[in-house]
Amino acid sequence: MNAVFYLSAFVAVISTIMVITRVNAVHALLYFIVSLLSVALIFFVLGAPFIAALEVIIYAGAILVLFVFVIMLLNIGSEAAEKEKQLLSPQAWTGPALLAAVLLAELIYVLVKGGSGAGGIGIIGPKQVGVSLLTKYVIGVELASMLLLAGLVGAYHLGKRDRTKKRRTA
Amino acid sequence: MTASVNLDHGLILAAALFVLGLFGVLARRNIIFILLSIEVMLNAAGLAFVVAGAKWGETDGQVMFIFILAMAAAEVSVGLALMLRMYHMLKTLDADAAGSMKG
Amino acid sequence: MLEFLWLIPTLPFAGFLVLALAGGRLSRGGIAAVGVGSVGLSSIAAFAVAAGFLGQTLPGHFYVQRLWPWMSVGGFTPEISLYLDALSLVMMMVVTFVGFLIHLYSSEFMIEEEGYGRFFAYMNLFVGSMLTLVLADNLLLLYLGWEGVGLCSYLLIGFWYKEPANGLAARKAFVVTRVGDTAMIVGLFLLFTNLGTLQIQELMRLAAERWAVGSGLAIAAAALLLGGALGKSAQLPLQTWLPDAMAGPSPVSALIHAATMVTAGVYLIARTHVIFSLAPVVQEAVAVIGALTLLLAGFSALTQTDIKRVLAYSTISQIGYMFLALGVGAWSAAIFHFMTHAFFKALLFLGAGIVINALHDEHNMFKMGGLRTQVPVTFWTFLIGASSLSALPFVTAGFYSKDLILFETWASPAGSRWLWAAGLLGAFLTSLYTFRIVFVTFFGDAKMQVSRKPGGIMTAPVVILAVLSVLAGFIELPSSLGEVRIFTNFLGNALPAETVSPGGSGDGMALMIVASAVSLAGIFAAYFLFFGKNRVADLLAGLAPGRMLHRFWFSGWGFDRLYDLFLVRPFVWFARSNKDDFTDLVYIGMIWLTGRFNNLLSLSQNGKIRFYAAGIAFGAVVVIAIAVFL
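Chains A, B and C, in that order, give the protein sequences. In this text, residue positions in the first sequence follow my numbering: the first is 1, and each later residue adds one. In this text, residue positions in the second sequence follow my numbering: the first is 171, and each later residue adds one. In this text, residue positions in the third sequence follow my numbering: the first is 274, and each later residue adds one.
No lab work stands behind these hints: they were computed from the structure. Fair warning: this is a prediction, and the values are worked out from it, not measured in the lab. Keep in mind that the hints are not guaranteed to be accurate.
Stated by the list, open to error - Examples of chain B residues lying across from chain A (beta carbon under 10 Å, computed):
#1 D178
#2 G194
#3 L205
#4 S207
#5 A214
#6 T229
#7 A243
#8 G249
#9 M271
Glycine included, C-beta positions come from ideal geometry on N, C-alpha and C.
So here's chain A without its partners, still in its complex pose (with noise of 0.2 Å):
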């Protein structure tokens, strides 16, 4: 199990890597989505089931559908090549590569310094996970809920387009 473990991690990582550095939209969700799929799979191997199901339908399958369809929508083409300049200019990514790596550097640092066994024990089924939900967490359920309402209620204002008011705008 410990070989599935590190295969998909690998994979995972590749996938990510070719997300941040696509020029196209699309090629770099579905790159994405090839990297959910490996975490999913790596949750199956430490015992969550239920959730490794959540994570390719709500979020790979939802989430970045959603994306999809908006960058349809938007219907860009030519921006292709402008982007493409600002990716190459090696002075966009040192800073931020230097940044990143200086975090890597301190979590590893943290993390190996902390040392915690082995674990991925026992599977968690997604009956647990329910209970549990109802149960210990049902605020935060509760809170979950009426945040996706504001979700909901904004998207679709901020979506709307009045045409009346968008000539009298800049």
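Fit chains B and C to the given chain A structure using the hints.
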């Protein structure tokens, strides 16, 4: 089908994915890619939660991941709506173009 | 009768208050009544108190009247209390009586001025402060009076404030005396911290007990008090203010700058004589300063053309005599000369005032002449005053007082032949310049016609002062003329008696003859040089060395220029260069720095999201680093 996976490595993986997402946020100028990189970071955080939860054999990690998921969904929808607005107003997807609140 | 003591300073203060608050509503007569009357009543009270004092023999020969406790701060408890002994009695009588005569004179002299009420208010305040100074029981109250007279001097010199030169003269007087006042207050601090009290008699007793003769503290205290006295009495090096102070009206010059305020320094030294006795070095310095000043002022007086400036330099010179007397230990002689000087100098100033007023504010005596026939009473009284100043032998009070000083300078163990010689030369100069005034102003051809003759109210005080200038000397006759020692015996209760070195007392007759000869010689020299149309003095002044000397003496031996070069100019330069206030620069610098910092930081608000995100990431890196590694 249990396996004794070294949790340190899991957390290191989560850290690596997070840092990659951070790089994407800082280095890309297109709004779409920035939002996408934020999603990468959220995913990495969720992975960290689940890995930590797997150590104790409790449901807490998974529950936290569900909440993260819900929050990511709300955030993506609002974010994309805003992005559409910005595109219609500024006619470009360059993040630096929306920089008039300065000084 | 003695319990009327408190009225003496209070009445003039009351007069000041009435005139300050209600002077605008009173008529000229009313103002004069209040102004002159308050000092007159004070004078009557002074006579009553004197009668009471002389009529009984008080234990210790002093009388203290405690009025009320002033303050009580950490062991320091000065009181408002008045101290009357022989010394303060003499001072008080002179101040009130001469003050009353001058007030009477100025009620007519200043009648046309628009600031009539203001004038009398200031004069009353002055008299009240001077009396406070003289009657004070402790040095703090004395200092209060000291400052009060300084203030009134400033106000009265600049009385005609619309003329800017008068304001400058007033300021000069105030600033120069302020130098002395600062020395004095430091001296008071020193005395208080070391002896624990400022009550004068207590202070002197403790000083005699605790300080050895010639100890550093005694020298320091005496030197500082001397500094204060130098400022107020216009002696070297602080004498530059008095000639310019003649910008004030003549009664002011008479009262303040001749008779009373400038003698405050003499009074201070006499009052604190124990401290000076404990510091012989300083006492010697007093004598030397007195001698130098009297010569310096004498030479300067020879060349002045403004009649009041001659009299001003003459005052500086005569106070130099008083300092000389104090310095050789002739305390009573100094006070005796103070009394006679008050009479004849006030007389001379009032007479000069009459002359100036009569000739429509003409000060230059070389433009006057032949006034002998036009204002006869003024002429005779002025002549009497001039004779007294020149110490005309036997018939004038000035003769007896000056002779006493010269005798003491010769005979006292602290005196020396050089000081005596200086005093003698000074006497020659005094007669010379005094009769220069007389001959130039009153004799010769009349160049200007008198337009206004003085009335009775102005003439009466002048006549009274003339009488006193003659008679006041007879209370103290030297041993060669039948020893009459009323004055020194009286003052001997308050001041130590003069010591005469063995073998010195026999020279009295010889010295007197020498002094008489010198003063007569001065009068004849004045006649020779200044009488008549073609004055020999003019010929002498025309020669090259004569011209140079004339210019040098005319400017008061160049002291004004000296101070201007070394004190005034650097200070003004510094003030100008500090115009942009370098301490202000600190605050402006802070503002500038903050502004630059703001500009720098606002660069970080560039509106770019990625930049903000980078900031967050950077912050996270730093915080984790701190948490992990520290």
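Quick rundown of the hints versus the structure:
1. D178: Holds: closest Cβ of chain A sits about 6 Å from B/D178, inside 10 Å.
2. G194: 4 Å, holds
3. L205: Nearest chain A Cβ about 8 Å off; hint holds.
4. S207: Holds, about 6 Å.
5. A214: 8 Å, holds
6. T229: 4 Å, holds
7. A243: Where the cut-off is 10 Å and the nearest Cβ of chain A is about 6 Å from B/A243, the hint holds.
8. G249: 9 Å, holds
9. M271: 15 Å, violated
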